[in-house]
Amino acid sequence: MKIVYLILLVVIVGIFLFLRQCVDRKVENLEDKEVVREGEELLGTWGTKTAASYLQFRLKRNGSLDYMLVKFPEKDTTQIKGTYTIADGANTSYFPRLVLLNEKSDTIFNYYIRSVTSYGSTARYDNLVISPNSIYDTIEYKFYRIKQ
Amino acid sequence: MRRADVFKIVIAFMVILSSCGSKSNKRAVKAEDLDKIMEEENANAPTVPVRSTLSASEFIQLSECGDISCVQLFMKEKTKDFFYARKGEYYSNNRGIVVDSADAEKIMAFSTLYFASEPSATWRIAHIIHKKELADTLLDDFNKKGFMLADSIRYYATQTIAYRYTSELFPGAVLYYSSTYKPWYGKGIYLVSNWKCYVFEVQWR
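So the sequence lines, in the order shown, correspond to chains A and B. The first sequence begins at 1 in this note's numbering and counts up by one. The second sequence begins at 1001 in this note's numbering and counts up by one.
Quick caveat, the hints were computed from the structure, so don't treat them as lab data. Careful: at least some of the hints might be erroneous.
[As the list claims (entries may be wrong)] Once the Cα atoms are required to be at most 20 Å apart in a straight line, the calculated SDA-like pairs of lysine to any residue come out as: (1) B:K1023 to A:A123; (2) B:K1030 to A:T122; (3) B:K1030 to A:L69; (4) B:K1106 to A:N133; (5) A:K147 to B:D1033; (6) B:K1023 to A:R61; (7) A:K142 to B:P1046; (8) A:K147 to B:K1036; (9) A:K33 to A:N62; (10) A:K33 to B:G1021; (11) B:K1182 to B:L1134; (12) A:K142 to B:A1045; (13) B:K1008 to A:L9; (14) B:K1030 to A:S53; (15) B:K1023 to A:F18; (16) A:K147 to B:K1030; (17) B:K1026 to A:R124; (18) B:K1030 to A:T48; (19) A:K147 to B:E1040; (20) B:K1023 to A:D32; (21) B:K1132 to B:I1161; (22) B:K1187 to B:Y1091; (23) B:K1026 to A:D32; (24) B:K1030 to A:D32; (25) A:K142 to B:D1035; (26) B:K1030 to A:V116; (27) A:K142 to B:E1041; (28) B:K1030 to A:E31; (29) A:K75 to B:A1031; (30) B:K1030 to A:R124; (31) A:K26 to B:N1025; (32) B:K1030 to A:Y125; (33) B:K1026 to A:R25; (34) B:K1087 to B:P1119; (35) A:K75 to B:D1035; (36) A:K142 to B:E1040; (37) B:K1026 to A:Y125; (38) B:K1036 to A:A52; (39) B:K1106 to A:Y94; (40) A:K49 to B:V1029.
All chains should be modelled from the sequences, with the hints used to inform the complete structure.
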């Protein structure tokens, strides 16, 4: 009899996850945003600001990309649509890389992903840290998750 | 209402609730607030070292020390950039790639400050730099202080040729500059050094 309850629990959890996914996708379509779940932390809109510019890119679930660069003080805006890929390192000594490509498949940037805030984190703000090289303690760029 | 209907409603309610409650989405920031949040995070971030070596004037000042407590007092104010590893050894907090003689990349401190701590030792303080660019910058800093090449000698301490620089602005001070694989007598990280070290020493006559 106990095994029946166990199976029932698994089925309920399965149905719950399935329904949740359906609702997530519906919300994404209606609101034009990514509902991020565990294991998908890279998805969504990321942005960072310096004295000279504001850079924002959106990694969509379907692999497409919206990239925007605003240069101050003229607010000269460049918008690019394209795709992105996550290139895994050849071995575990290297971080995976985030490659952003425009529509002609020219590379916008190709940076190592140092860290991304995990789903269950207690941090106040989600951030994504990327770096031009894979060496610890060197230059890095920090992006924040932007409300969509 | 039948029990089955209640069950369906509960499930639907749970799904809707959980779909709205993505933890990652909740931690997003508004684009217009980004400035404020970045400033706030930077203010709370731990302080990072801003340099990898001492400046020429600091090193000249330090080299006037004749005992350990003087060195420790001097370096105490520089704990943001250097940490005291153990007796006689300071390491720069700035770390990065140093290429060894086999072209292999090591990640290590960009510079160290070693001083003689043995009671019987001839007093010696050496600033040892592991990257040529940084050594060139420091040497350039000494040049700006009027240190000009005087002569070169075979220097016992670094077991190679050392270049001696003197300055009219600092009478009595002699800068010994040498590039070597043996910057210190088999001590600390220099026990088996296979990367080029640039050694700075200021001696007073």
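What's the verdict on K1087 (chain B) and P1119 (chain B), does the C-alpha distance respect the 20 Å limit or exceed it?
OK: K1087 (chain B) and P1119 (chain B) at ~12 Å, within 20 Å.
Against the 20 Å threshold, does the CA-CA distance of K75 (chain A) and A1031 (chain B) hold or violate the hint?
Roughly 15 Å separates the two Cα atoms, so the pair holds.
Restraint check for K75 (chain A) with D1035 (chain B), where alpha carbons must lie at most 20 Å apart:
Holds. K75 (chain A) to D1035 (chain B) sits at ~16 Å (cutoff 20 Å).
Quick one, are K142 (chain A) and E1041 (chain B) close enough, alpha carbons at most 20 Å?
Given that 20 Å is the threshold and the Cα spacing comes to 11 Å, the pair holds.
Pair hint outcome, K142 (chain A) versus D1035 (chain B) [Cα-Cα no greater than 20 Å]
13 Å, holds
Given the hint that K26 (chain A) pairs with N1025 (chain B), test it: the Cα-Cα distance must not exceed 20 Å.
With Cα atoms ~16 Å apart, K26 (chain A) and N1025 (chain B) stay inside 20 Å; holds.
Holds or violated: K1187 (chain B) with Y1091 (chain B), Cα cutoff 20 Å?
Given that 20 Å is the threshold and the Cα spacing comes to 13 Å, the pair holds.
Is the Cα-Cα distance between K147 (chain A) and D1033 (chain B) 20 Å or less?
Holds, because 10 Å separates the two Cα atoms, which is no more than 20 Å.
Sort out whether A123 (chain A) lies within 20 Å of K1023 (chain B), counting only the CA atoms.
10 Å, holds
When you check the alpha-carbon spacing of K1026 (chain B) and R124 (chain A), does it fall within 20 Å?
9 Å, holds
What's the verdict on K1023 (chain B) and R61 (chain A), does the C-alpha distance respect the 20 Å limit or exceed it?
17 Å, holds
Does the structure keep K1030 (chain B) and D32 (chain A) at a Cα separation of 20 Å or less?
16 Å, holds
Going down the numbered hints, you'll see the structure goes against none, and every one checks out.
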